[in-house]
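Undergrad: So the sequences go chain by chain: A and B. Reading the first sequence from the start, the letters are residues 28 to 388 in my numbering. Reading the second sequence from the start, the letters are residues 28 to 388 in my numbering.
Simulated from the structure, these hints should not be mistaken for laboratory data. One should not assume that every hint holds.
Which copy is meant is left open, so a pair is good if it fits within one copy or across any two.
What the hints assert, rightly or not - DSS-like mimics (lysine-lysine), calculated; alpha carbons at most 27 Å apart, straight line:
1. Lys320 / Lys29
2. Lys355 / Lys89
3. Lys78 / Lys366
4. Lys29 / Lys187
5. Lys187 / Lys355
6. Lys355 / Lys108
Below, each chain spelled out in residue letters.
There are 2 protein chains.
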Amino acid sequence: MKKIEVNLSDRHYPIYVGRGLLERLDLLQPHIVGTTAVIISNETVAPLFAKTVAESIARFVKVEQCILPDGEVYKDLRTVKSIFDQMLAIPCDRKTTVIALGGGVVGDISGFAAACYQRGIPYIHVPTTLLAQVDSSIGGKTGVNHPLGKNMIGAIYQPKCVVADVDTLNSLPKRELVAGLAEVIKYGLIRDPDFFDWLEKNIESLASRDPDCLEYAIERSCLNKARVVELDERETGIRAILNFGHTFGHAIENNLGYADWLHGEAVAAGMVIATEFSRRLEMLSADDSARVKRIVQRCGLPEFPPAWMTEQDFMRAMAVDKKVDAGKIRFVVLEDIGKATVIDQYPQAVLQQTLAAFLPS
Amino acid sequence: MKKIEVNLSDRHYPIYVGRGLLERLDLLQPHIVGTTAVIISNETVAPLFAKTVAESIARFVKVEQCILPDGEVYKDLRTVKSIFDQMLAIPCDRKTTVIALGGGVVGDISGFAAACYQRGIPYIHVPTTLLAQVDSSIGGKTGVNHPLGKNMIGAIYQPKCVVADVDTLNSLPKRELVAGLAEVIKYGLIRDPDFFDWLEKNIESLASRDPDCLEYAIERSCLNKARVVELDERETGIRAILNFGHTFGHAIENNLGYADWLHGEAVAAGMVIATEFSRRLEMLSADDSARVKRIVQRCGLPEFPPAWMTEQDFMRAMAVDKKVDAGKIRFVVLEDIGKATVIDQYPQAVLQQTLAAFLPS
Numbered sequence: 028m029k030k031i032e033v034n035l036s037d038r039h040y041p042i043y044v045g046r047g048l049l050e051r052l053d054l055l056q057p058h059i060v061g062t063t064a065v066i067i068s069n070e071t072v073a074p075l076f077a078k079t080v081a082e083s084i085a086r087f088v089k090v091e092q093c094i095l096p097d098g099e100v101y102k103d104l105r106t107v108k109s110i111f112d113q114m115l116a117i118p119c120d121r122k123t124t125v126i127a128l129g130g131g132v133v134g135d136i137s138g139f140a141a142a143c144y145q146r147g148i149p150y151i152h153v154p155t156t157l158l159a160q161v162d163s164s165i166g167g168k169t170g171v172n173h174p175l176g177k178n179m180i181g182a183i184y185q186p187k188c189v190v191a192d193v194d195t196l197n198s199l200p201k202r203e204l205v206a207g208l209a210e211v212i213k214y215g216l217i218r219d220p221d222f223f224d225w226l227e228k229n230i231e232s233l234a235s236r237d238p239d240c241l242e243y244a245i246e247r248s249c250l251n252k253a254r255v256v257e258l259d260e261r262e263t264g265i266r267a268i269l270n271f272g273h274t275f276g277h278a279i280e281n282n283l284g285y286a287d288w289l290h291g292e293a294v295a296a297g298m299v300i301a302t303e304f305s306r307r308l309e310m311l312s313a314d315d316s317a318r319v320k321r322i323v324q325r326c327g328l329p330e331f332p333p334a335w336m337t338e339q340d341f342m343r344a345m346a347v348d349k350k351v352d353a354g355k356i357r358f359v360v361l362e363d364i365g366k367a368t369v370i371d372q373y374p375q376a377v378l379q380q381t382l383a384a385f386l387p388s
Numbered sequence: 028m029k030k031i032e033v034n035l036s037d038r039h040y041p042i043y044v045g046r047g048l049l050e051r052l053d054l055l056q057p058h059i060v061g062t063t064a065v066i067i068s069n070e071t072v073a074p075l076f077a078k079t080v081a082e083s084i085a086r087f088v089k090v091e092q093c094i095l096p097d098g099e100v101y102k103d104l105r106t107v108k109s110i111f112d113q114m115l116a117i118p119c120d121r122k123t124t125v126i127a128l129g130g131g132v133v134g135d136i137s138g139f140a141a142a143c144y145q146r147g148i149p150y151i152h153v154p155t156t157l158l159a160q161v162d163s164s165i166g167g168k169t170g171v172n173h174p175l176g177k178n179m180i181g182a183i184y185q186p187k188c189v190v191a192d193v194d195t196l197n198s199l200p201k202r203e204l205v206a207g208l209a210e211v212i213k214y215g216l217i218r219d220p221d222f223f224d225w226l227e228k229n230i231e232s233l234a235s236r237d238p239d240c241l242e243y244a245i246e247r248s249c250l251n252k253a254r255v256v257e258l259d260e261r262e263t264g265i266r267a268i269l270n271f272g273h274t275f276g277h278a279i280e281n282n283l284g285y286a287d288w289l290h291g292e293a294v295a296a297g298m299v300i301a302t303e304f305s306r307r308l309e310m311l312s313a314d315d316s317a318r319v320k321r322i323v324q325r326c327g328l329p330e331f332p333p334a335w336m337t338e339q340d341f342m343r344a345m346a347v348d349k350k351v352d353a354g355k356i357r358f359v360v361l362e363d364i365g366k367a368t369v370i371d372q373y374p375q376a377v378l379q380q381t382l383a384a385f386l387p388s
């Protein structure tokens, strides 16, 4: 087991990465203060792991469960409201600990519910998808979608700890595992060139769930994310690089109504578009651009947005992106493999040409 | 004009108290960073003051308005959702500043909307009721009610500044002004005995809106609140004394469905009950207890809960109060005029006898 510390003064917390961690009572106990814990999970994940987690902590707290429907389409205020209804009916108090057991959607919703329940109660992430283990469970971004934009409603609210059990990935559908690799690749691209080299050698092993490779990739991803979050918890600057591929990716998800594509799939296509944008801005070489495209292809992740999308579909969705500042859409681009930067000055024509290259004429 | 600083490290902010402040562009300008401001107000307050505020800031930002229906019954997630809908339609970005113009309800809802919109945008309180000027606009408590409990959903999220214009109280209905006095009296009772003495001399002048008396009482109330909030922003300890009278008061409001009584009226009755509880616990003298009752009477504020309420109505509502810790209802009681403390150990029979003294047998 590896332990990675997220150093945020009074809000610091550990991330544990390893195998067989769900049974590890000793990891959770120090982070649960009250007498009640509520496991928030979904219909798909709960049957697989909720019993193990519940038994692991039932020895020292009362355990309740709140099971949500599965899917990004349920990541909305209505679901958060249903959590409040259940927690108040129990009733949970200000020392109740929320345990978010599931993927990114469960984590984002549960973290936001914890942030707002009685103005904030403690919560723990137990991510069970690759995407959640390497990305969404770390850094305190919580929230839900709005019909007009993804993650438009939320809070920056840090968990008390994150327990990433690599074994939970064995039951993850292949498509979801691969979608998670998009975020893993992202860390290599934005700030860790050696990791990207390693990924180019090991991407097939990861896709076929080699446990040692997975554990290493998760640990290294968490380390990258933790270091960025520590520098800029509230995303006033450098943290924005974590959104590499996400501005285009969110536009795809928004146009799909947050259905059909997985988040990681949209990010993969978004990274390819952002890479092409970087190349057309003459910031990135054609060779490096080809490397990005190639690793996405090797994963079997999409490089193109849905064929029916138009430039207008992109522009409309990106206009309400959180990275918009004073009406300007900001983009994360690559200066090199392993080096990302944020720009808000660029020729509009290059953006249009980039999008055109990915859209049927 | 007086300026009171709330010292909360990187979240510190000024409170301005004085007359004619709505026109004071210079006060607001340094606290508005982006290019757009949204005035959130309600149907009653907006016609009185929104134009003045809008004109005051329209010289340097684009001003939008979001007008809510008036009343505590609208302080719910549905209203917050409608604010998000409007802000996303504008669209507001992460640097948009929310200006909460109105009483406690507008302030609590707007602050919570600002806390959650795109994971947190800046906001400014412009309180226009006495209660909001002396209490709810200071300290960052934001949130909405749930059918099962008051303020059960919310965030601790500090404003960028508070502008309390005493002139706005001229148009405040007498009943609301008097309700605000309950919170003013509270500061004297919990930590400022000299202020309580002053209030005993000046309570009628306050009720008849003597502007100098009002300005002094508001300033002193803000000072008291600021000093407590600075010690304990997230209410893990001492800040709980600000809830003196509120546990009983919230139970009254909850049983009324947050209608009919004003918050300050419920707090007044709650303070009388909490004072009687303190006396029956032999913590407070009968003389001091009588002083509390007398000043509440002189304001014309209620001393008794609605006659139809039962002990069970109180106990059920208090069981989901945020001050409940591990199933124990905690109470703020008085050890003296000007000295409050929090207890969770008390004979249940004394609590029952106290409630019985206020309820028809």
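Undergrad: Going through the numbered hints above, which ones does this structure break? Give me the numbers in ascending order.
TA: Result: hints 1, 3 break, sorted rising.
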